[in-house]
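Letter by letter, the chains look like this.
2 protein chains.
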Amino acid sequence: MTHTDAATEGNEAAALLEHTRSLVDPHLRAAVASLPGSIRRVAMYHFGWQHADGSPAAGGAGKAIRPALVLAATRALGGDPRDAVRAAVAVELAHNFTLLHDDVIDEDRTRRHRATAWAVFGIPDAVIAGDAMLALAQRLLAEDARAVSPRASARLSTCVIELCAGQQADCAFEERGPDEVSLDECLAMATAKTGALLGCACALGALYAGVDEQAVGAMDGFGREAGLAFQLIDDLIGIWGDPAQTGKPVGADLAAHKKSLPVVAALTSGTPAAAELATLYRGAMNTAGEVSRAADAVDRAGGRDWAQVCAADRMARAVHHLSRAVPDLSAAGDLLALAEFVTRRAH
Amino acid sequence: MTHTDAATEGNEAAALLEHTRSLVDPHLRAAVASLPGSIRRVAMYHFGWQHADGSPAAGGAGKAIRPALVLAATRALGGDPRDAVRAAVAVELAHNFTLLHDDVIDEDRTRRHRATAWAVFGIPDAVIAGDAMLALAQRLLAEDARAVSPRASARLSTCVIELCAGQQADCAFEERGPDEVSLDECLAMATAKTGALLGCACALGALYAGVDEQAVGAMDGFGREAGLAFQLIDDLIGIWGDPAQTGKPVGADLAAHKKSLPVVAALTSGTPAAAELATLYRGAMNTAGEVSRAADAVDRAGGRDWAQVCAADRMARAVHHLSRAVPDLSAAGDLLALAEFVTRRAH
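Top line first, the protein sequences correspond to chains A and B.
When the first sequence is numbered by my numbering, its final residue is 347 and no position is left out of the sequence of numbers.
When the second sequence is numbered by my numbering, its final residue is 347 and no position is left out of the sequence of numbers.
The following block holds chain A by itself, in its conformation from the complex (with noise of 0.2 Å):
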């Protein structure tokens, strides 16, 4: 692929992103009113919608590729998009009940380039934000008479037990040594962390599509796998990213001796250079020349390397699911363009 046909998918990506924005803010929006004002105030706050002492923000609320998974989906089996907005809504909602307990969980401060909801209205505000948040995705998917919500309700609150078994394994993995998390672990965990929900998404998607349980389980493997490279970059951005994209300090990652994938990969490479790293996660590494010093030797260690090929080779998987559900791939143009998207981020 040429630059110029990535700049392109890039921008087609960006459009995608908009225009899902544009069909699913409205009913985000909707619903986040529709909560008790007490909690609305938080959910707002963290959506950006508004500053912390309640006046109106103009900030979006990420990136939406959660909802324009639904919808691409939808779109490419040959479903209405416009059936899968409530859906597109749920997955959002799930999404970041997960962020907000996430950030007190991990004691996160930031989140895109503000204070987290804990942070600004305590801990007990966000934990409780989030279980409405949680709820209120699942009240959307109850209250929609289709036919096919019942399913989409299960597959949502199957997908929300392997997104807790994620996180308390990453939790789990910060109190073990740096040599005591294997990668197939650690793999399983970002799968269960991030691929999960990706997967429930186009599964989601597929469902308001109305294809038989086969195509749904491939759409379902499709943004697993997606959801897998999306995270090996996303890794790779926590590590070596720029800040002023991120919103977190540079290898905030490293500092926070959090053992993501490519730390990992470099950890149980045998290397010299992984034990040089595993030295330095056993100390405080708490100066910028320390972390810099971690970051060079994952890359030393081929952790970071590794984790380009990686995420090549689950989009690949990715593809292939996707080609079970879409034969015809010409069709799934803009899921291609957002797993393309999310996976390119890092360039």
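These are computed hints drawn from the structure, not numbers from a lab.
The structure presented is a predicted model; accordingly, all values stated were derived computationally and were not measured.
The beta carbon of each residue, even a glycine, is placed where N, CA and C say it ideally should be.
Some clues are possibly wrong.
[Unchecked claim] One-sided and incomplete, this derived list gives chain B residues near chain A with beta-carbon spacing under 7 Å:
{"no.": "1", "residue": "Pro-124"}
{"no.": "2", "residue": "Val-127"}
{"no.": "3", "residue": "Arg-139"}
{"no.": "4", "residue": "Ala-142"}
{"no.": "5", "residue": "Glu-143"}
{"no.": "6", "residue": "Ser-153"}
{"no.": "7", "residue": "Ser-157"}
{"no.": "8", "residue": "Thr-158"}
{"no.": "9", "residue": "Val-160"}
{"no.": "10", "residue": "Cys-164"}
{"no.": "11", "residue": "Cys-171"}
{"no.": "12", "residue": "Glu-175"}
[As the list claims (entries may be wrong)] Sample of chain A residues facing chain B (criterion: CB under 10 Å; computed from the structure):
{"no.": "13", "residue": "Ile-39"}
{"no.": "14", "residue": "Gln-50"}
{"no.": "15", "residue": "His-51"}
{"no.": "16", "residue": "Leu-136"}
{"no.": "17", "residue": "Asp-144"}
{"no.": "18", "residue": "Val-160"}
{"no.": "19", "residue": "Ala-165"}
{"no.": "20", "residue": "Gln-167"}
Could you slot chain B onto chain A? The hints should help.
Structure of chain B alone, referenced to chain A:
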């Protein structure tokens, strides 16, 4: 009612609760067993089925009042309680989701005579286990092939949002001064925090009996009012209850400066005892003597009597709602026995 009648009715309710547990527990255990291992461990501890080290424990999973209400509501309306077992399990899971999160939020270290889940496993694991339990409740309803299940799911989700609002209000009240919470606000909070789920339990039971929306709404009203009566009694127990029965230290709610219903009724009574209580509430109240004087002030300010009269009034309203759904109240003996049971626990 003579003392003998009361004892008989208490036994009747105890037998109902026992029977409910025998119907519901196997399904509750199977549902919990379906959770991923790391989350299941926390859930099994929380339910009292395992010790912290994972060894089996004989402890029971609470009184099963909410599942008993689901099944009794179905029966009272001519349905087969076996159809509603799944809904009963879902309601019990939703209830335990709130317990797990409320204990984190309120920093309560003891429940059912044991250390709370977060005190044993840490805040992240307890928050995650609560999240997964809520999703599991929703999954059970979504996977139920009966035609009413989406309506049940929508009602449970709406109820969870109301529970969240109630818990949020409860926390917010703690931040305010002793004379800055009105009795109306406090009653609204208790309705949301406790009434909503008991109402939802009865409404779900009605749904699974296949009655119309009006009867479902009346059953919701019954459970909601009975729930408020229950909360009033629970608040009295929180002040004057026997620690051996409650598993909490004597006057625990006063020592925690909780603005429970009898306390707010006392604080807003305009009596000399109200001023005395307000002064105690503005202080640390960390000695047994101060806690005892606060309890005495609530009593002299009329908070204790008010709560008892209000509980009786709410029970009368509950029965009025019930009679709209079940004109021949003799068919609703189980529901009435349960309602009387929960509001007589203090005696």
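Hints, one by one, checked against the model:
A distance limit of 7 Å between C-beta atoms decides the matter here; for Pro-124/B the minimum to chain A is near 4 Å, and the interface restraint holds. For Val-127/B, the interface hint holds, since its Cβ comes within 7 Å of a Cβ in chain A; the closest pair sits about 6 Å apart. Proximity of Arg-139/B to chain A holds as hinted, the smallest CB-CB distance being about 4 Å (cut-off 7 Å). Contact between Ala-142/B and chain A, as hinted, is supported at the beta carbon level, the nearest pair being about 4 Å apart and thus within 7 Å.
Checking Glu-143/B against chain A by beta carbon gives a least distance of about 5 Å; that is within 7 Å, so the hint holds. Annotation: interface hint on Ser-153/B holds; nearest CB of chain A at approximately 4 Å, less than 7 Å. Given the 7 Å rule on beta carbons, the hint for Ser-157/B holds: about 4 Å separates it from the nearest Cβ of chain A. A cut of 7 Å between beta carbons decides the hint on Thr-158/B: the least distance to chain A is about 6 Å, and the hint holds.
Interface hint status for Val-160/B: upheld, as the beta-carbon distance to the closest one in chain A is roughly 4 Å, under 7 Å. A least Cβ separation of about 4 Å between Cys-164/B and chain A falls short of the 7 Å threshold, and the interface hint therefore holds. Nearest Cβ of chain A to the Cβ of Cys-171/B: about 5 Å, under the 7 Å cut. The hint holds. A least Cβ separation of about 9 Å between Glu-175/B and chain A goes past the 7 Å threshold, and the interface hint is therefore violated.
For Ile-39/A, the interface hint holds, since its Cβ comes within 10 Å of a Cβ in chain B; the closest pair sits about 6 Å apart. Against a cut-off of 10 Å between C-beta atoms, the interface hint on Gln-50/A is violated, since the closest Cβ of chain B lies about 17 Å away. About 20 Å separates the beta-carbon of His-51/A from the nearest beta-carbon of chain B, more than 10 Å, and the hint is not met. Checking Leu-136/A against chain B: minimum C-beta separation of about 6 Å stays under 10 Å; hint holds.
Against a cut-off of 10 Å between C-beta atoms, the interface hint on Asp-144/A holds, since the closest Cβ of chain B lies about 8 Å away. For Val-160/A, the interface hint holds, the least distance from its beta-carbon to any beta-carbon of chain B being 4 Å, beneath 10 Å. Because the closest C-beta pair between Ala-165/A and chain B is about 4 Å apart, less than 10 Å, the hint holds. Checking Gln-167/A against chain B: minimum C-beta separation of about 6 Å stays under 10 Å; hint holds.
Checked against the numbered hints given earlier, the structure breaks hints 12, 14 and 15 and satisfies all the rest.
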